[in-house]
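Got chain A; can you put chain B on it based on the hints?
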Amino acid sequence: MKLLALFLVLAARTATAIDVVATSSSGGMLVREIAHQYATVEILAPPDRDLHYLQARPSMMRALRGADLLVAIGADLELGWLPVAVRQSANPRILPGRPGYFEFAAQVDLVDIGGVADRALGDVHPLGNPHIYMDPVRMATIATALAERLAQFDPAHAEDFRIHAEAFVAAIERKLPDWQARLQDAPGVVLFHQDANYLLYRFDVPLLGFLEPVPGIPPTAAQLRTLINSLTGRPGVVLYTTFQPAQAAESLARQLNWPAARLPLEPPLDAVGSDYIAHIDRWVEAIAAGAR
Amino acid sequence: MVLTTLVALAGAAPAAAQDAGEIAELRTLIEALRSDYEQRLSELEQRLESAERAAASAERQPTPSVAAQRTVATPQGGSVTVGNAFNPQISVILDGGYYHDDSGGNGNVLLNETIQPSLGGHGEAEHDHAHGADIENGFNLRETEIAFTAAVDPYFDAAVYLALESGGEVEIEEAWFATRNLPAGLRLKAGKFLSDIGYLNNQHPHVWSFVDQNLAYQNLLGGHGLQDIGLQLTWLPDLPIYTVFGAEILQGDQDRLTAFVGEDAERQALGLSAQKDGPRLYSLFAKFSPELGYDHALRLGASYIRGRQHQEVHEAPLFETGLEGDSALWGIDVVYKYDNASAYGYRDFNLQAEYLQSNKDLLVRSGDPATIGNARNLTTDGVYIQGLYGFAPRWQLGLRYDALGRTNEVSGDIRQRFDSSDRWSSVLTWTPTEFSRLRLQYSRSDITTIDGIREEFDTLWLQWILSMGTHGAHNF
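Those protein sequences? They're chains A and B, same order as listed.
Using our numbering, you'd call the opening residue of the first sequence number 1 and step up by one each time.
Using our numbering, you'd call the opening residue of the second sequence number 1 and step up by one each time.
Chain A with its partners taken away, still in its complex shape (with noise of 0.2 angstroms):
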């Protein structure tokens, strides 16, 4: 009898919980820290893969076929596989549009806006950058607004999203005055990719070159030389993530006598706000070690 109460209860909590699906962990973090135990959470790509390069896989197609909300970071940084696995999926719910879908593209101001859509210059995005998810201040805009949309899902629950997201925008309200004293004296950083930019300009921290001679062209020798012969002599760190080739992320660190820091893009896949709040210490860690 407690065993089919237990059952019940489960089932009821099921049943009523959002089902969403987050095309990386950022997203998952953010609806973890909003909804709590009123949404399920599954994540599509794991935080040690670069976002650009999947493909949409039949388990994704799973994931996404009963799902009442995808949450994506759009300007295109999943191009090539989400459009596919949605329209696979045949979820009409998530489609681009409608309610059941949400991009974080969408909710902030882009930085990078309107380069050249030519590809001699690398993989592009005229759109703006979209590794969003990398400063704080919009992920707190952000969190903001899933919660309204998590509360069209379940307007039961809406004061409690609207609570938990208030309680993240503190947090990190909280966090900045620390990270930006940390990063006042930031002498620069070289990034692999552009990747961390958003980060960079929120704190003012110089972003002195990327090891990439143009999105997405793996570095080169020549890219190299031109980073050493202008950064030679001052100081900086070279930061790279996890998916990215060290090699001369390593070299170029060695070269200029700099610290050099290999760190993931995203929290981790189970991440809450904390798990969030302590990713960005790592990269502010990382870039004040360049003042030593």
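Derived from the structure by calculation, the hints contain no laboratory data.
All C-beta atoms in this analysis are idealised placements derived from N, C-alpha and C, irrespective of residue type, glycine included.
Be aware that a few hints might be false.
[Unchecked claim] A few chain B residues facing chain A, derived, Cβ under 8 angstroms:
hint, residue
1, 187
2, 236
3, 238
4, 299
5, 341
6, 365
7, 366
Quick look at chain B alone, frame taken from chain A:
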């Protein structure tokens, strides 16, 4: 203002000042004033410019504050993507390369006509205009593909794929529309399309991992695979394991499965019936994919195709034999993919294999009077297995074995067996970016020709594939 007054003064000067020295003095004065003025102007311009720059950068990098950011953010629609433009997404794909075989440039014809008891439309219909059939030694332009895709309205998606041959002929590879809103995981597609049977069938040639089609598809389905006009219904039930069921009703315009003797007089002379009304071809397929996490993916599939009417003409020394009946083809496919977290496909591994078997149950309608009415059951199978490994970022090495006719026989009222054909291929692919690809392929073929002669030959391909326009889809 000062300058204009001075210029006016200078204009009046020749009348007032007779003395040349005075004129020169005035000129010097004006020059001095002008240069002073210009200097000040440019200083002002510079100040304005730097003020503007400062304002712009202040706008770009506001003092970090969530509240400030929130006021900046404007509520927008649901999505930010280039695909929102009303134009269909357009891509153009160039495909060509250098080809050489040591069979006098005939290798591709042999690969397309390996021996099997079913002749399909050969000898009657036009030469099968298949991929690779008109490749010659030297440089070749393969088909140039132009693709248009878009959402038509809230209810339908549509796509058109055109193939331009180097001679200028245009062929519609696909022209279909599909529903966006059907409930319960259903999707209906109508038009001309590549069937979703098997694994490779719905892939356009530029997506293949090898330059050429495998022997099984090439000879049992034709170079394009099963590509026809009709309807497709797929159903993706909401299950914890990816499962798709599909059914297709197709017109049956197939050289290999629903061939038809097109000329009335000849058909009547051979005792063959008139063409049945379409649709003449049906297919069923199912695909399953267990959950194996982010690193591994496995997909299993099974397919069945049935043709209602198939005619063949077999030339014998004394008689021309007309055969008619129905056709069937079944297949199983398995694909395993290992996705390493490293960038650019490094350490990724793919293994895929398919088995196809074609069965045609025909009756002798004409020819040797003693055999009229006899049953001729033609069975041929084909298989391929291929593996690909990313041995360095952007570099992939692959190996393929494909074979036709390991079962290759006639049963029914006579029994006959035919030899098999097979081939080994190795491929080296370099993908500088997502939009370009260069490939080197070497194959060793051991083919039994349509005349029963064994031909061994080597082929070499150096292929280029370039894609312009819309970012390609990363299909599984």
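Now for the hints, and whether the structure bears them out:
no.	hint	result
1	187	5 angstroms, holds
2	236	5 angstroms, holds
3	238	4 angstroms, holds
4	299	6 angstroms, holds
5	341	4 angstroms, holds
6	365	44 angstroms, violated
7	366	48 angstroms, violated
In terms of the numbered hints stated before, the structure departs from hints 6 and 7, listed from lowest to highest.
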